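J.: Following our numbering, the numbering of the sequence shown begins with 1 at its first residue and continues without gaps.
Mixed in with the good hints, there may be bad ones.
Said to hold, decoys possible - Across the chosen pairs, the derived CB separations fall in these ranges:
| id | residue 1 | residue 2 | range |
| --- | --- | --- | --- |
| 1 | A99 | R29 | 25 to 35 Å |
| 2 | Q20 | Q49 | 26 to 36 Å |
| 3 | A12 | R150 | 45 to 55 Å |
| 4 | E151 | H50 | 52 to 62 Å |
| 5 | S187 | G80 | 29 to 39 Å |
| 6 | G119 | D8 | 37 to 47 Å |
| 7 | R79 | R51 | 34 to 44 Å |
| 8 | R150 | G130 | 14 to 24 Å |
Keep in mind that the hints were calculated from the coordinates and are not lab data. Being a predicted model, the structure only gives us computed values, none of them experimental. Every residue, glycine too, gets a C-beta built ideally from N, C-alpha and C.
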Amino acid sequence: TTMRASLDVAVAKPEPAPPQTLALAGRLRAELAEIDQLLDAFLFLARAQHRSLPGQTVLPLDYVAATAITERAGLISVRGLTVRADSDPGGAWVQGSQALIARMVENVIDNAVSHNADGGWIQVRSGTAGGQALLVVENGGEVLDQDQVRELSQPFRRIGADRVGSARGAGLGLSIVAAIAGAHGGSLRLTGRREGGWRGIMRR
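From just these sequences and the hints, can you work out the full model?
T.: Have a look at this one:
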């Protein structure tokens with residue numbers, strides 16, 4: 001915040017700022033935004049790993065997923081992605097931290113959107129199996145190495161800088177998902193699809 005304020009003061013002086021200064025200020029603001037996102041990711045990861053579960057409530061997973069998809073409608077449209085969302089009759093309900101569960105679902109869908117081929121597809125399904133709530137997210141794309149995909153639930157693990165597992169480029173997105181699932185007594189299982197792309201199964 002202090003660095004942003006300093007930039008604002010520098011470019012808001014009465015005399016016009018040189019174009020180079022304005023360009024530099026723009027780049028610095030973008031870098032600060034990325035730092036904010038990275039710190040936010042670390043905070044969510046730390047809360048989940050230390051079982052800090054604020055705002056306990058009961059949530060329908062289909063609603064959480066639908067909200068995340070709607071909030072990303074612009075990017076989904078730009079990428080030309082087809083999204084299919086299904087839910088078993090009665091849906092899947094989980095008890096836990098509303099903020100953390102929402103972040104868990106958002107991170108998985110962010111990965112499915114960002115690490116996809118233009119004109120590709122995403123499928124999201126919620127339901128129950130064996131008395132547990134399930135959320136399954138999968139997409140198409142390149143054929144991925146199974147062993148590497150399974151490791152993406154660990155912090156800073158990526159398959160290439162521009163592929164699945166990158167949360168804002170830091171490799172934290174899916175590790176946050178795994179930590180949040182674990183904090184709620186659940187699990188995340190990641191596999192590469194034989195036809196290409198990947199599948200994430202969150203079970204609680």
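J.: If any of the earlier hints don't hold here, list their numbers in rising order.
T.: Numbers 2 and 4, in rising order.
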